[in-house]
Every structure is written in C-alpha cells, then in structure tokens.
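Could you build the full structure based on these sequences and the hints that come with them?
Number of protein chains: 2
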Amino acid sequence: MRALGIDYGGTHTKLLLLEGEREVARDTVDTVRLEGLADQVSSFLGDARPAAFGVTVAGTLDPVSGVVGRSANLPWLDGTAPARLLSQALGVPGVAVQDGEAAALAEARIGAGRGSDDVFVIALGTGIAGAHVSGGAVRRGAHGAAGEIGHLRVTAADHACSCGGRGCLETVIGGSQLGARWSERGGAGGTARDVVAAARAGDEAARAVLDDAARGLGRALLALSALVDPALVVVGGGVARAPEWTVEPALAHARAEATFHTLPDVAPAALGVWAGAHGAALAARDAAAARPADASSAART
Amino acid sequence: MRALGIDYGGTHTKLLLLEGEREVARDTVDTVRLEGLADQVSSFLGDARPAAFGVTVAGTLDPVSGVVGRSANLPWLDGTAPARLLSQALGVPGVAVQDGEAAALAEARIGAGRGSDDVFVIALGTGIAGAHVSGGAVRRGAHGAAGEIGHLRVTAADHACSCGGRGCLETVIGGSQLGARWSERGGAGGTARDVVAAARAGDEAARAVLDDAARGLGRALLALSALVDPALVVVGGGVARAPEWTVEPALAHARAEATFHTLPDVAPAALGVWAGAHGAALAARDAAAARPADASSAART
Chain A
0 MRALGIDYGG
10 THTKLLLLEG
20 EREVARDTVD
30 TVRLEGLADQ
40 VSSFLGDARP
50 AAFGVTVAGT
60 LDPVSGVVGR
70 SANLPWLDGT
80 APARLLSQAL
90 GVPGVAVQDG
100 EAAALAEARI
110 GAGRGSDDVF
120 VIALGTGIAG
130 AHVSGGAVRR
140 GAHGAAGEIG
150 HLRVTAADHA
160 CSCGGRGCLE
170 TVIGGSQLGA
180 RWSERGGAGG
190 TARDVVAAAR
200 AGDEAARAVL
210 DDAARGLGRA
220 LLALSALVDP
230 ALVVVGGGVA
240 RAPEWTVEPA
250 LAHARAEATF
260 HTLPDVAPAA
270 LGVWAGAHGA
280 ALAARDAAAA
290 RPADASSAAR
300 T
Chain B
0 MRALGIDYGG
10 THTKLLLLEG
20 EREVARDTVD
30 TVRLEGLADQ
40 VSSFLGDARP
50 AAFGVTVAGT
60 LDPVSGVVGR
70 SANLPWLDGT
80 APARLLSQAL
90 GVPGVAVQDG
100 EAAALAEARI
110 GAGRGSDDVF
120 VIALGTGIAG
130 AHVSGGAVRR
140 GAHGAAGEIG
150 HLRVTAADHA
160 CSCGGRGCLE
170 TVIGGSQLGA
180 RWSERGGAGG
190 TARDVVAAAR
200 AGDEAARAVL
210 DDAARGLGRA
220 LLALSALVDP
230 ALVVVGGGVA
240 RAPEWTVEPA
250 LAHARAEATF
260 HTLPDVAPAA
270 LGVWAGAHGA
280 ALAARDAAAA
290 RPADASSAAR
300 T
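Chains as they are written, first to last, in numbering that gives the first Met the number 0: chain A, 0 to 300; chain B, 0 to 300.
Derived from the structure by calculation, the hints contain no laboratory data.
By construction, the Cβ of each residue, glycine as well, lies at the ideal position given by its N, Cα and C atoms.
It is possible that part of the hints are untrue.
Stated by the list, open to error - Examples of chain A residues lying across from chain B (beta carbon under 8 Å, computed):
(1) D117
(2) G146
(3) E147
(4) R152
(5) G163
(6) G164
(7) S224
(8) V227
(9) D228
(10) P229
(11) A230
(12) E256
(13) P263
What the hints assert, rightly or not - Take a look, some chain B residues computed to stay more than 10 Å from chain A by CB distance:
(14) R1
(15) E22
(16) D26
(17) E34
(18) Q39
(19) A50
(20) G58
(21) V66
(22) G68
(23) S175
(24) A241
Below is the structure:
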C-alpha cells in the first residue's frame with residue numbers, strides 16, 4: 000500500500016511517500032501551522048493519493064484519542080488532534096505518533112534493527128530518548144513512561160536534570176549538558192561537538208567529561224541488560240556521531256563492570272534524520288492494517 | 000484439566016494437585032533425589048492421575064531443552080533434564096520451570112496480580128529475584144536475564160555483591176546482607192528478622208541500615224518505572240514481612256525522588272510459600288495447551 004509519513008518537526012517538516020518499502024518521493028519544507036501543513040502536503044502529493052498517512056508529534060500525545068497534551072516547540076498543537084484535522088483536510092485516514100516513538104519504530108523495524116524482534120533504541124541528542132520495540136511495536140508501559148533510559152540515576156554527581164531529578168544519565172551525556180560539565184572543569188563550554196573536538200585535540204578536562212559520560216552510559220546499559228535484557232541496542236543522535244568518544248568507551252565501561260549480564264549487541268542508527276518520517280509511514284500502515292475494512296474495500300470483494 | 004505442581008526445594012518439596020483452580024490435594028515432603036521424588040509423587044497421587052505436571056528447578060535452566068545448568072542446593076540436578084526423567088517414571092507429560100519464575104508466574108496470574116496483565120514480581124529473600132509477567136508469561140529477555148532488579152546498582156556504598164558486582168540492591172536489602180550492614184555500623188549482626196527487631200526496639204544503627212535498604216529499593220523502583228513502567232509491583236519474600244520497615248519507606252523514598260515517573264501500584268504477595276507449586280502447575284497447564292493434540296485426544300474427536 001501507499002503510505003505517507005509526515006515528520007512535523009520544530010523548524011522543518013519532512014514528507015515521505017512510500018509504496019511498500021519503495022520510496023516514491025520525499026521533500027523537506029519549513030514548518031508552518033496545521034492549515035498550512037495540509038496545503039504543503041497536497042502540493043507535495045500532486046496526483047498521488049496515499050491510502051493512509053502518519054504524522055509525528057513533538058510532544059506528549061494520548062495514543063488512544065490522538066490528542067496532543069503539550070508540544071514545547073509547536074505550541075499550537077496543544078489540545079488538538081492533528082491527525083484528525085489533517086485527515087479532514089486531505090480526505091485520507093491518518094494517525095498521530097509521538098516523534099521519538101516513530102523514529103524508534105523505524106530504526107527497529109527497517110533500520111539498524113531490521114531482522115531482530117527485540118530492539119532498544121537510544122537517541123543521544125540534546126535530551127536522551129529511549130524505546131523498547133518488541134513484537135514490532137513500541138512497549139509504552141502502563142503509564143506511557145517505559146524506555147526512559149535518559150532518566151536512570153547513574154552518577155552520585157547530583158547535577159540537576161531537565162526532568163527535575165538529579166544524577167540522571169542525561170546530566171552527564173545530554174547534548175546540552177556536556178558543555179556545562181566541561182565549563183565546570185575549567186573548559187570553554189559550548190556544544191557536544193565542541194567538547195569532542197577539544198577531547199580530540201588533547202584537552203584533559205574535555206576527556207574527563209566524556210569519560211564521565213561514557214561511564215554513565217555504560218551504567219545505563221548494565222541497568223537495561225539487568226531489567227529488560229534486549230537482544231540489540233541501536234544508538235543514534237548527534238552525540239553518538241563520535242562513537243569512539245561515546246558509545247565505544249561506554250561499552251568498555253559496561254563490559255568491565257558486567258557480572259551475570261549478557262550485554263546486547265550495539266549498532267549505530269541507520270536512518271538518520273529520516274527515521275521519524277519512516278516511522279510515521281509505518282504507523283500509518285499499521286493503523287490501516289488494524290482498521291476494519293471500509294465501504295470501498297467491502298464493495299470490491 | 001488436572002495439573003500437578005511440584006516445588007522441588009532445597010530442603011522440602013511441595014506437591015499440589017489442582018483441578019482447574021480448585022485444590023484437590025497438597026503435601027510437603029522432605030527433599031530427596033530424583034528417583035525418590037518419583038516415588039513420593041506416586042504415593043501422593045494414589046489413584047489420581049494428572050494430565051500434566053510442572054516441576055521447579057532451584058538453579059539455572061535452559062527453557063528450551065529443559066536441562067539444568069547448575070543448582071547450588073540440589074547438585075544432583077546439574078546437567079539433567081528433571082521433567083523428562085520424572086515424566087518417564089510417572090507416565091505423565093511434564094515441564095521444568097525455574098523456581099523464581101514459577102513463583103512470579105503464580106503471583107502475577109492467580110495471586111496478588113490477578114486481574115492485571117502487567118505485573119513485576121519482586122522476592123525480597125536471602126537474594127533478590129524479580130520477573131516481569133506480561134501477557135500471562137514471564138518476559139525472560141534475549142539472554143534470560145531480564146528482571147534482575149536485585150542487581151541494579153543503587154548505592155555508592157560499594158559493598159561486594161553475590162553476583163560479583165558492587166553496590167547492587169541486594170547488598171543493602173538482601174536477607175543475608177542486612178545483618179552484615181548492621182555489624183558494620185556497630186550492631187550485633189544476625190538475620191533480617193534480628194535487624195528489624197532491633198529497629199523496632201529503637202536501635203539507631205539498625206534503623207539506619209533499614210533506611211539505606213529502603214532508599215535502595217526506592218531507587219530500584221524508580222529505575223523500574225523509568226525502563227519498564229509496570230502497572231503493578233507485587234512484593235514477597237521474608238524481608239517484606241515487615242513492610243513498615245521495608246516496602247513502605249521504600250515507596251516514600253521513591254515518591255520523594257519521582258519526577259516524570261508514575262509509580263506502580265504495590266501489593267504484598269498473596270500465595271506465600273505455595274507460590275512455586277502453583278506456578279509449576281500453571282506451567283504444566285500452559286505447556287499442555289501449547290502441545291499438539293496427542294493420539295488419545297485425537298481419537299476422542
């Protein structure tokens with residue numbers, strides 16, 4: 000079937016039209032409000048008509064009603080049901096999916112996790128996101144909080160975290176935290192990229208910051224092995240782009256502290272910035288498969 | 000169907016015969032080697048003939064082959080397939096199940112977790128065991144290690160753990176560790192019961208030991224909420240028998256440190272020392288349901 004994935008991001012929106020797994024078209028447009036998005040999608044599609052679409056939500060989402068709780072970057076979505084509104088405008092059935100969940104679904108099913116049915120996806124970005132994809136679906140947990148590996152407490156250095164807690168993995172490896180940790184050790188601060196560049200150039204403080212980060216990620220991987228024990232961990236996100244300073248030393252720390260644990264295989268994410276759009280298209284297809292046959296398909300039989 | 004549960008423990012063996020959920024008979028006998036166990040079972044059954052049995056293994060078990068890896072308490076089981084051997088002796092099909100898994104399965108399905116489909120069971124005993132029961136089955140993980148909540152690192156006090164690691168939950172709340180922690184603080188040492196009795200009597204060192212234990216369990220519950228997010232946690236085991244000194248303060252610590260987390264409901268285990276035998280009977284029933292119809296049942300249709 001033909002499925003449209005819409006990755007409705009904070010600054011850019013990615014549009015991806017798939018026929019089965021074959022890519023028909025893709026485009027990246029500036030993010031606008033919902034009415035404008037329907038126009039962008041119509042002109043992207045031209046004469047092509049997908050059977051269903053999926054749209055990502057950068058925020059909290061009630062997976063049953065499809066209503067957005069809160070989107071920090073797209074505040075006009077708060078309280079709306081974006082898939083329903085777009086569906087009315089486009090005349091095509093659609094489904095909303097949380098953006099991190101969409102990316103994880105895609106990486107697990109058609110990206111680096113293809114072929115494994117038990118994948119934990121970690122996004123090492125400004126914040127840290129995680130999702131366990133098992134049986135082809137994201138395991139959300141009883142209260143929608145499962146997979147929050149970024150908020151495991153991994154260090155006695157009690158830095159305040161964005162979640163309100165202290166000592167979380169995000170405080171030692173979050174993209175927006177690495178520079179702060181470097182400043183505290185007398186470094187120049189800046190982005191994750193700046194810290195990695197300084198470490199490469201031999202800066203001892205930057206190296207110590209990245210070692211703390213890797214130790215924290217190693218501890219989180221051990222906790223993940225002990226509680227969830229996935230077959231494969233897929234790691235993506237900007238901070239993972241320098242694996243020799245992040246993921247590889249984290250695995251070395253985890254191996255050094257492992258006892259009964261069998262560490263998962265670890266692979267880099269494969270879909271890059273298009274993971275969300277792919278995941279939205281997959282969610283569209285899953286929803287279409289779960290939907291009862293409609294009038295037109297009933298007429299065909 | 001009539002199912003027999005055999006909980007083959009280190010010193011005592013529990014035999015439980017069920018017709019559906021109704022108890023037909025139960026008995027507790029001294030643990031003997033496997034040949035003797037077959038005789039004990041035969042005389043327990045008399046004329047009653049179960050459709051299937053389950054037998055617990057106190058040790059590591061390959062769930063596919065049914066072969067025991069290592070049993071510390073019943074060393075004659077190492078390398079054997081106890082369900083196959085018993086099955087030959089009794090003329091009844093049977094299945095082996097790891098003892099902690101059996102108890103967790105029973106607590107989740109017919110004990111304190113009845114009615115919930117997403118239960119994490121924690122046994123606070125000499126060691127700490129855990130298992131996530133979802134969809135009616137224990138989630139074993141890719142390498143059979145899932146659920147090992149006792150070996151989450153929850154404290155910077157780096158006591159050595161039975162697993163070879165340091166700072167695990169078991170080092171602050173394991174039944175065999177509480178006395179050691181109390182001794183280190185100048186207490187008299189002894190069993191978990193001794194530490195609790197001293198705390199009740201006002202001993203400050205014992206209270207500090209139990210507060211460390213509760214803080215560790217609280218941290219583990221937060222990690223469990225963040226990664227697995229179960230609906231319900233069922234807590235059993237000897238150490239949980241004094242909930243006002245263990246589980247209740249642990250929940251208070253967890254609530255004080257929770258941020259985005261929605262803590263699970265927490266309930267005490269309901270089946271007591273018979274949980275393993277009930278779980279073995281459940282495993283027997285599950286295996287019978289999964290087994291292709293045999294000749295006799297095919298003849299009946």
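* **Numbers of unmet hints, in rising order** => The structure conflicts with no hint, since it agrees with every one listed earlier.
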